[in-house]
Amino acid sequence: MTMTRTAAWALMIVSSAGFLGTAQAATNPGPAAPPLRFVFEELVDLADPEPAGPGPRGAGNRIGLTGGSFAGPQLRGVVVPGGADWQLVRADGCTEIVADYFLRTDDATLIHVRNVGLACDRAGKQGPYLRATPVFTAPTGKYDWLNKAVFTSVITPLPDSDGKVRRVAIRFYEVE
Numbered sequence: 003m004t005m006t007r008t009a010a011w012a013l014m015i016v017s018s019a020g021f022l023g024t025a026q027a028a029t030n031p032g033p034a035a036p037p038l039r040f041v042f043e044e045l046v047d048l049a050d051p052e053p054a055g056p057g058p059r060g061a062g063n064r065i066g067l068t069g070g071s072f073a074g075p076q077l078r079g080v081v082v083p084g085g086a087d088w089q090l091v092r093a094d095g096c097t098e099i100v101a102d103y104f105l106r107t108d109d110a111t112l113i114h115v116r117n118v119g120l121a122c123d124r125a126g127k128q129g130p131y132l133r134a135t136p137v138f139t140a141p142t143g144k145y146d147w148l149n150k151a152v153f154t155s156v157i158t159p160l161p162d163s164d165g166k167v168r169r170v171a172i173r174f175y176e177v178e
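Here the working numbering is used: the first residue of the sequence shown is 3, the next is one more, and so on.
Rather than coming from a laboratory, the hints here were simulated on the basis of the structure.
Check the hints yourself; a few may be wrong.
[Stated by the list, open to error] So the derived label-pair ranges between C-beta atoms look like this:
(1) R169 - A34: 30 to 38 Å
(2) L112 - P37: 27 to 35 Å
(3) T142 - V80: 19 to 27 Å
(4) R173 - K127: 17 to 25 Å
These numbers come from a predicted model, not from an experiment.
All residues carry an ideal CB built from backbone N, CA and C; glycine is no exception.
With the hints as extra help, turn the sequences into a complete structure.
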């Protein structure tokens with residue numbers, strides 16, 4: 003089978019275009035990392051941990067959320083008692099976190115929060131790595147914007163004078 007000169011040129015152009023596209027993609031840094039916008043901070047009161055026992059993926063733990071408060075530029079209110087932080091302590095020492103609870107704003111709106119994250123000790127660094135990705139479910143209206151964005155959160159344990167953590171601060175940021 004012989005290839006015509008036109009077909010050979012077409013094949014070379016297509017081949018080199020693919021190569022150039024790959025080289026260009028490797029050198030193009032792409033869009034900048036998205037900025038974060040502070041949304042609010044929670045101070046959450048915690049019950050004593052309740053061990054749930056070992057399972058196939060690690061040891062379970064439940065920490066009840068007994069209340070708290072939150073405030074930010076666009077919303078403020080209280081953490082509704084009755085939620086919980088469900089934890090899975092893995093063999094590698096990290097803890098998977100699934101917090102499920104409600105906020106009540108100062109205008110009596112209920113907002114559901116499901117905050118899924120990870121807690122790991124960081125060798126040589128001060129404090130553990132405690133990050134989560136919250137998903138909000140807010141009613142249509144004033145707080146509907148919470149349903150239409152991606153958020154991240156940073157969790158900071160607040161130990162009391164005897165070293166027990168009975169409260170955490172959680173700062174929420176919108177990924178713009």
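Hints, one by one, checked against the model:
1. Between R169 and A34 the Cβ separation comes to about 36 Å, which falls inside the hinted range of 30 to 38 Å.
2. In this structure the hint that L112 and P37 lie 27 to 35 Å apart at CB holds, the actual value being about 29 Å.
3. At about 22 Å, the CB distance of T142 to V80 agrees with the hint of 19 to 27 Å.
4. Take R173 and K127: their Cβ atoms lie about 18 Å apart, and the range 17 to 25 Å holds.
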